[in-house]
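Asks: Sequence:
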Amino acid sequence: ASLSALAVFIAKFKGASYCVVALSWALRGMTIGAVSGGLATQRVAHATVPSEIGPVLLEGWVQRALPAQRGVRLRLKVHAIDGLDESLTPPIVRVTHILSLETEPGRFVRCWVVLRPPPSPVIQGDYAFDRQAWYSGLGAVGYVQGRCRGGSIGGPNSTLEAATLEVSKARRQLAQHVVDATGAKSGGFAAALTSGDRSFMSEADQEALRGAGLAHLLAISGLHMGIVGGLVFLLVWRGLAFIEPVALRVPVKKLGAFAALLACAVYLILSGASISTQRAFVMAAILFGAVLIDRTALSLRSLAIAMMIILALAPWSVLTPGFQMSFAATGALVATYERWNRRRRHARDASSHKAMFWLKSLIVTSTVSSLATMPFALFHFERAAPLGLIANLLAMPIISLVTAPAAAAALILALFGVDELALRMFGATLGLILDIA
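Be aware that the sequence shown starts at 59, since it is given in this note's numbering, and climbs by one per residue.
Derived from the structure by calculation, the hints contain no laboratory data. Keep in mind that this is a model prediction, so the values were computed, not measured. Beta carbons: idealized from backbone N, C-alpha and C, even for Gly. Don't take every hint at face value.
[Said to hold, decoys possible] Estimated spans, in silico, between C-beta atoms of each pair:
no.: 1; residue 1: 234; residue 2: 300; range: 56 to 64 Å
no.: 2; residue 1: 445; residue 2: 216; range: 29 to 37 Å
no.: 3; residue 1: 92; residue 2: 297; range: 20 to 28 Å
no.: 4; residue 1: 80; residue 2: 399; range: 28 to 36 Å
no.: 5; residue 1: 445; residue 2: 231; range: 34 to 42 Å
no.: 6; residue 1: 472; residue 2: 413; range: 14 to 22 Å
no.: 7; residue 1: 216; residue 2: 413; range: 53 to 61 Å
no.: 8; residue 1: 209; residue 2: 412; range: 57 to 65 Å
no.: 9; residue 1: 231; residue 2: 458; range: 53 to 61 Å
no.: 10; residue 1: 89; residue 2: 296; range: 48 to 56 Å
Take these sequences, add in the hints, and give me the full structure.
Replies: Next up, the structure:
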């Protein structure tokens, strides 16, 4: 890394040719990437069970409940595993729980489990689950014999781990509240959109959304972050503008941007902070941060900054479908709309035919995002959605014109405890999306 930095310095200040400068920068980027990856690998180092063990008693805290073909998958923060030395105990395990679940995230449980190391690829080039498990701290997978039972021990000693469990508990409570309010048909879908918890959603509904090319609605990303941040920004900005003494003395637009930034941060935490959500949050933070410092946020630049930040924190994420599809779709859309806006500014009728422009935008968005993500869907999942364009053309007007306002109304009314009617409308529109899928 030091030698590559020296090479860049020499090439830049000694008048080297453009090709030499570009080559030195490429070498610099590769060495920084290698160092970053090596440091990240050491940072997340943890114990992994060497071979299959069990049935054995495991004690730990439920971090998350994930959907499975049968039952649910519990992600457990391990406290102790009977007969296993502390130095050999993995920090996190994932076990399949088939019987009815009588616990929830944030609770301490005792389970009889059979554990094995995370499986490696069966054939060369297949999905490397063991690699992804290593970087997520997962040291074993397996299944529960019987049912996990609650325990009486308190929370973890670490403040960060205790806070993580509290967030998991809040996410589960939010998901349960949304499911109860929206009904059985679309409750799982609504919970997935609001909290990122898909355990209430049936496998048939998820498969229908994937087959129809609407699975992007499940990944909390720019659409959802835009609704939350944009709503808070607009309400605070315009609301304070009505208060004359405040509007004349305080930059209310900046207060709105600051409130929106806080709302996006809270939503990032509550939704589980997936790669697509992190990307959307960084781009939203750049946008609202630009408002705070009176600058213009450049879309492609904000996308590049988001990519650099995520790769610096989690360089292994570049190999995941979520990273690749999220950045591919966003980059293609940003580039398309920037060029389109330049052409519209030069056109004489740029301000007319707004209804036609909205329809064109819908078609362009669906087409560009589908084409941008299709290669990655084919590579990772060996599937395509041939009717995805039609499904998006039918679904996105409902999402934009009805679902998003209903979600916004529920968010506002939740402050006063009267969000049930808005949530029912929210669930009814998502039921239409499932019918389309």
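Asks: Next step is simple, just say for each hint if it's right about the structure.
Replies: Hint check:
For the pair residue 234 and residue 300, the beta carbons lie near 36 Å from each other, so the given range of 56 to 64 Å is not met. Taken as a hint, the range 29 to 37 Å is violated for the pair residue 445 and residue 216, whose Cβ atoms sit roughly 48 Å apart. Restraint check, residue 92 to residue 297: a C-beta distance of roughly 50 Å breaks the suggested window 20 to 28 Å. At roughly 30 Å, the beta carbons of residue 80 and residue 399 sit within the given window of 28 to 36 Å.
A C-beta distance of roughly 37 Å is found between residue 445 and residue 231, which places it inside the suggested range of 34 to 42 Å. Checked against the hint of 14 to 22 Å, the pair residue 472 and residue 413 fails, with Cβ atoms roughly 33 Å apart. Checked against the hint of 53 to 61 Å, the pair residue 216 and residue 413 passes, with Cβ atoms roughly 55 Å apart. Under the hint 57 to 65 Å, the C-beta atoms of residue 209 and residue 412, about 60 Å apart, fit the expected range.
At about 29 Å, the CB distance of residue 231 to residue 458 disagrees with the hint of 53 to 61 Å. Between residue 89 and residue 296 the CB atoms are about 49 Å apart, so this pair conforms to the stated range of 48 to 56 Å.
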